[in-house]
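Asks: Sequence:
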Amino acid sequence: MPSYTEHIDKALVDLLKDSNQNAFKEIYNRYNGLLFAYAFKRLQVKDEAKDVIQEVFIGLWENREHFILKTYLSGFLYKSVLNKILNIWKHKRVIRHHVLSQALQLDVDSVETDFLIREKDIAALVEKEIAAMPPRMREIYGLKYKQYLSVKQIATELNISENTVATQLQRASAHLKNKLGLLIFVIHILQR
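Quick note on the working numbering: the sequence shown kicks off at 1 and runs consecutively.
By construction, these hints were calculated from the structure, which means they are not laboratory data.
Do not rely on the hints blindly, as some may be mistaken.
In silico DSSO-like links for lysine-lysine, alpha-carbon gap of 30 Å or less [to be verified]:
1) 70 with 17
2) 177 with 79
3) 128 with 179
4) 90 with 177
5) 152 with 79
6) 25 with 50
7) 41 with 10
8) 46 with 79
9) 90 with 70
10) 128 with 41
11) 177 with 144
12) 10 with 128
All chains should be built: construct the whole structure from the sequences, respecting the hints.
Replies: Written as structure tokens, this is what we have:
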């Protein structure tokens, strides 16, 4: 049996399209652990993370004949895992909404719901709310979460107290949570 460990992803995908089980096993072995770690970090539930990874690989195998790799295999797999995670969060949000409001119906396929769960749209929504922050708060938030400076480094750079920096960061988080809602805020926190 030939070894597939030396094959590049594109070659493995080509073999997968021809129903080559060994190529599929190599893709699985190559990415299973990394994808599990990624899913577990976001879901914090081992069984849910395992289920997500299993669904992604089952989908890959079932759609192998029509699978077209447009970018990188790793990117496709990570995006597939993220979409499954977002669907889990969406489902939990819907259940929580039903429990809290005791509503009889909720249109989970509405344009608004779909808009809120898509990563690109969430990022745009977050950026819009960051842009709406007061200038100093926005500056401090950017230094912390875009340039990854510590509270002390921000205080030194802006010549203000560490308490002022900490207070502005708390207010920025409260602002985002208030404007975006808890679910979107949590997704934003997990992505940064």
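Asks: Hint by hint, note whether the structure agrees.
Replies: Verification of the hints:
no. : hint         : result
1   : 70 with 17   : 14 Å, holds
2   : 177 with 79  : 25 Å, holds
3   : 128 with 179 : 10 Å, holds
4   : 90 with 177  : 17 Å, holds
5   : 152 with 79  : 35 Å, violated
6   : 25 with 50   : 17 Å, holds
7   : 41 with 10   : 28 Å, holds
8   : 46 with 79   : 19 Å, holds
9   : 90 with 70   : 27 Å, holds
10  : 128 with 41  : 26 Å, holds
11  : 177 with 144 : 17 Å, holds
12  : 10 with 128  : 38 Å, violated
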